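Participant: As they're listed, the protein sequences go chains S and C.
Heads up: the first sequence is residues 61 to 136, going by my numbering.
Heads up: the second sequence is residues 348 to 694, going by my numbering.
Worth flagging that the hints you see were computed from the coordinates, not collected in a lab.
Not one of these hints is a red herring.
List time: in silico SDA-like cross-link candidates among lysine to any residue, alpha-carbon distance up to 25 Å: (1) C:Lys671 x S:Pro92; (2) C:Lys495 x C:Ile457; (3) S:Lys83 x C:Val667; (4) S:Lys63 x C:Asp569; (5) S:Lys83 x C:Glu410; (6) C:Lys599 x S:Gly86; (7) S:Lys63 x C:Asp559; (8) C:Lys655 x S:Gly69; (9) C:Lys572 x S:Phe135; (10) S:Lys116 x S:Phe135; (11) S:Lys63 x C:Glu593; (12) C:Lys599 x S:Val85; (13) S:Lys120 x C:Val568; (14) S:Lys123 x C:Tyr656; (15) C:Lys671 x S:Ala68; (16) C:Lys475 x C:Leu503; (17) S:Lys116 x C:Asn409; (18) S:Lys116 x C:Thr571; (19) S:Lys120 x S:Glu131; (20) C:Lys572 x S:Gly69.
These numbers come from a predicted model, not from an experiment.
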Amino acid sequence: MVKEIERAGLPVVHMCTIVPISKTVGANRIVPTVAIPHPLGNPSLSHEDEKLLRRKLVEKALKALQTPVEEQTVFE
Amino acid sequence: MIKVVHYLNQFFGQIGGEEKAHIEPFVKEGFVGPGMALNAAFKGQAQIVATVICGDSYFAENEEKAKNTILEMVKKYEPDLFIAGPAFNAGRYGNACGSICKFVKENLNIPVVTGMYIENPGVDLYKKDLYIISTKDSAAGMRDAIPKMAALALKLVNNQEIGSPEEEGYIERGIRKNYFAEVRGSKRAVDMLVKKIRGEEFKTEFKMPDFDRVAPNPPVVDITKAKIALVTSGGIVPKGNPDKIESSSASKFGKYSIEGVDDLTSETFETAHGGYDPVYANKDADRVLPVDVLRELEREGKIGELHKYYYATVGNGTAVANAKKFGQQIARELIADGVQAVILTST
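Here chain C stands alone, though its shape is the one from the complex:
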């Protein structure tokens, strides 16, 4: 029997929500939560012998320690296969799944599989190293993801040939494989060109990597004269969340005045952000948006001026296209207002 160890976060491990995101890794024998469907999807060929559960914040904040502890836990069961997640669009969870899969693969030399939504930041970090099954952006995609993860995992452990990303359902890893085509290259190229000219859809055989990098801007010359603006994806809003910014998958950002505000307090500001424990930010929002110390620095002449508006959205499962749009719009307004530099804080 093929032995499998499964990795889950505190939520899917049925321990709790954000208030449990700080729990250290621990082991439960057998399957837990989504492990039940995964175990069934192996159709008797493999069995989940143990499940490691770890809080998302704990993993993110103690990555090296968490990885080593989890490796020891996994090792004890001498598994043939390691599966993490799926993490869907949860950023910290995706990062943890990718990181622990890579670590287990390198140290135990066994196949590993995880699953994520294409926009999960864990995808770009780990897609070159791992097979990541492409999932929907929420747990509603569980039923779709589990059979694909199980099928690919079984193929890997049985040393079967792995098909293309489309066939197996994993996210492209940038690996090129030789094969014998039926039609020679020159004809394929001309066919593609004709399709392109006609405006029809065609599939390139040589994808260019997508390096969307922006070169750094020159530094601020004299910070003591510069107008500095605060922007945050940590969801800090005036108490009551006047624009009703969503706690996840935000569709908008807010622009709020901090003119004359020296300190953010629990009476005046709070966080609209889901997906992290809001207790600390609600008690003192300066912990996310450092208005108090920037005011001090302004008074001491260490910065020219703190811009009278700050901008906020919630960076929790927010679509990349939306974040991009927010960024562009915020930057346009900041430039029009004569801002020279930006501090952006994230939770």
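Chain S extracted, bound-state conformation:
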């Protein structure tokens, strides 16, 4: 899906936990996330801290969307 969205001309950032798979499917902008069942959260944190963590990850994704890349790039 990532690749087809990119092919259609939209910049897309893939937020996922298993980065090697993201690379295989051809994502160009990749933001690694927390864990498979909760990529953008961490149930062991308080609600506020969890939201803060999520916000940081989403901000990273927004930064990736604003960054020119030439090849597959992981935004750590």
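Given chain S's structure and the hints, the job is docking chain C onto it.
Facilitator: Only chain C this time, still in chain S's reference frame:
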């Protein structure tokens, strides 16, 4: 006797389903689950001395640590052969089988064999390094896969010559081997050309690699004015799953309104995704689809606008052809709606 160590995930290791996907690796003496058929397929020439079982999520999330722990466990049995899976179309399991096989092969210098369905993401990651027997997409293909894995493994450990992918049943590794053909090259080429002109089937002797890569698009110029859409393969749907998106091998995607929604809650949204523990996403779907923080960022003017629809499907054993079709259709609609950038989340 040839000693074999077998690797299985929590499911085939008979520990449990998704709720056990986080278990750390441990060893059981002898064979477990599909190891029984594998052991029988060796016909007395080899024996499974131990089985390492590890949760798929644990492996994926702690790959380096898991690999090293498992290597130590395997080493203790001084095996002559290491077999993982088969993983069929299970993505995390395929990745784990490929990764641990490669690691064992490099460190212990013994033959390794695994098995996967051709669309398993582990295939593209590891087919150059490993012999991966081509299997069906589900455990229904076990009976078919096991004898092929056993036969190839025995050949490898006995240093016998390995035949072509078609003969042995493994996935092509991109290795070229010289052989003496009966007919000279020019004639073979002309024969192929004639077949091609006639529209008949022909087999090339020099396959071109299939690099389906899409070049990155230029970045968003002004994110504070951009309309951003959310797409997910994590199966987040309105409570009750109105479109009945399948928990695996999805045949469709859904388009859902989040107009006026500030926060996804356990009363309003859930996941339709099988193959991972749904507890966390069902409790708070923002953990997969970050609507709450994007709303905040929208309010603060950090992004122009969050698109009023999001798109979701279940990326669990979903056929590549389907995923491709979904992606194309979603992209067409997003562009028509004036969306300028996409955040796609996966579990």
